[in-house]
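Novice: Each chain is listed here by its residues.
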Amino acid sequence: MRHALSTRLWHWINAAALVVLFMSGLTISNAHRRLYWGNYGFAPEDAWLHVVRFPGWATLPMFRYDLAEARDWHNTAAWLFALGLLAYWIVILVNGHFRRDIAAGPSAYTPQAVLGTIRGYLTGENRRAEKADYNPLQRIAYAFVLGVFLPGMVLTGLAMSPGIEPAAPWLVEAFGGRQSARSFHFIFAFALLGFLIVHVAMVFVAGPVKTLGGMIVARSPKDRALG
Amino acid sequence: MAEFERRHLLAGLAALGVGACSRLGESETASSIFDTAESWHREAHRALAGRQRLAPEFDRSQVSPSFRGNGSLTVDTPEYRAELANGFPNWRLAVTGLVDRPLSLSIETLRALPQRVQVTRHDCVEGWSAIGEWTGPQLSTILDAAGVRPEANFVVFRCADTLYGRRYYESVDMVDAYHPQTIIAHQLNGENLPEKNGAPLRMRIERQLGYKHAKYLTGIEAVASLDDVGEGKGGFWEDVADYQWYAGI
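So the sequence lines, in the order shown, correspond to chains R and Y.
Add 48 to a position in the first sequence, counting from 1, and you land on the number used in my numbering.
Add 10 to a position in the second sequence, counting from 1, and you land on the number used in my numbering.
Chain R extracted, bound-state conformation (with noise of 0.2 Å):
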């Protein structure tokens, strides 16, 4: 598959910015390892979840706590991850790339399309179909991606901003209280930690030198070699 520029271009800054982001988080939720809903909760009887000391290879810095330099990393990746989604989505709309590959109509919600994507990846015949489109699975995934679990890290992470709540209290309300929001915020992240693990499992099915490099190059190294 071909990818534009835009969309090479995004999608490696945003990995590298997510990275940032997921790790440094990992080193603030180690300061406070319990979860709440509602707007207050300190109390290990108010939380939902307890959650796991990550270890010191996953966080940054690594193998060391500390979470003025965590802060430091996640809120200046912040900017970085929010701008660039935010100049994507106005680049897909406005190409064409979001309602001609990523769109999914209600055709690609039924048992049938689902079912049917799933029966191709079991028989391989997806793999020799060589298909330029996204199947309706893929369609649905890149949809809540873009559309649902990376706006939502960026809405949730304004949410837990004691210096945003002023102007926007709305938007805290929305989630529930500011400790919801920082609760989503957790669940977000790991949705898309879930989405990575597929994404990348899918890109060693379906061939690693021909995905990475059209999200490289934009051409398989075989559109190369046929000129």
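Think of the hints as simulated: they come from the structure by calculation, not from any bench.
Fair warning: there could be bad hints in the mix.
Under 10 Å between C-beta atoms, here's a sample of chain Y residues computed to sit facing chain R [stated by the list, open to error]:
| no. | residue |
| --- | --- |
| 1 | G35 |
| 2 | E38 |
| 3 | Q62 |
| 4 | A95 |
| 5 | P99 |
| 6 | W138 |
| 7 | S139 |
| 8 | A251 |
In silico lysine to any residue, SDA-like type, Cα no more than 20 Å apart, as pairs [unchecked claim]:
| no. | chain 1 | residue 1 | chain 2 | residue 2 |
| --- | --- | --- | --- | --- |
| 9 | Y | K243 | R | L115 |
| 10 | Y | K243 | R | A91 |
| 11 | Y | K206 | R | A91 |
| 12 | Y | K243 | R | D114 |
Sample of chain R residues lacking proximity to chain Y, with all beta carbon distances greater than 10 Å (derived) [said to hold, decoys possible]:
| no. | residue |
| --- | --- |
| 13 | A152 |
| 14 | A191 |
| 15 | G200 |
| 16 | L203 |
Fair warning: this is a prediction, and the values are worked out from it, not measured in the lab.
Note that CB positions come from ideal geometry on N, CA and C, so glycine has one too.
Please arrange chain Y on chain R, whose structure you already have, making use of the hints.
Specialist: Relative to chain R, chain Y alone:
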């Protein structure tokens, strides 16, 4: 040619290793990028919310069952214990620095000033939140009484407590100093401030995180620059562990 350069650019971005970030974070370049990002956040918040927009206030019924004390939980001196036992009869709040009329205010004097009562949420940098009702005079009332000079750019809060052998302090700029919800609280939930929450006086800086809300307050000092205060970063945690001076995020 263009294709070749793009490929290098994208491969470079893709290869941006996180492992490198661990040491990178302590470099001069990184800290100047971090400082830039912090000032963008502050400017964005100020542009969106303006100088005077209020943090949300809650109903008294929404107060959280407990209000955690964090950081210093007391002042470990015999003088403080004696004052605490007697209701702080000799405690004074000194108003000094770039002011026309330096002041020394007793708790009784502060209680006699016009009071603001606000039920607000307190967000700790660690991630937890508590809701409490705070009572006290606005900092702006005291700054006006002292006559802050035009060359003052920051207000420094001096404290009685020590952590790691150092005196706690904090600071804000004049925007937050004159914000209507910036008060010197002497009551929490209608009672005199508990020891762990900063008795007898603490700041409320409602649009920033908890470490800005200096406890065990002994002085307010108007200054032109933070360079000569403490180690120059504007606060205890800022000096000790490089926490962000602007804590609105």
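Novice: Take the hints in turn and mark each one as holding or not.
Specialist: Consistency of the hints with the structure:
1. G35: 5 Å, holds
2. E38: 13 Å, violated
3. Q62: 9 Å, holds
4. A95: At 28 Å from the nearest chain R Cβ, Y/A95 fails the 10 Å test, so the hint is violated.
5. P99: 33 Å, violated
6. W138: With Cβ-Cβ at 4 Å, under 10 Å, it holds.
7. S139: 5 Å, holds
8. A251: Holds: closest Cβ of chain R sits about 5 Å from Y/A251, inside 10 Å.
9. Y/K243 to R/L115: With a Cα-Cα distance of about 17 Å, the restraint between Y/K243 and R/L115 holds, given a limit of 20 Å.
10. Y/K243 to R/A91: 32 Å, violated
11. Y/K206 to R/A91: Roughly 16 Å separates the two Cα atoms, so the pair holds.
12. Y/K243 to R/D114: 17 Å, holds
13. A152: Nearest chain Y Cβ is 27 Å from R/A152, so the label holds.
14. A191: Consistent with the label, R/A191 stays out of reach of chain Y, its closest Cβ about 24 Å off (over 10 Å).
15. G200: 18 Å, holds
16. L203: 14 Å, holds
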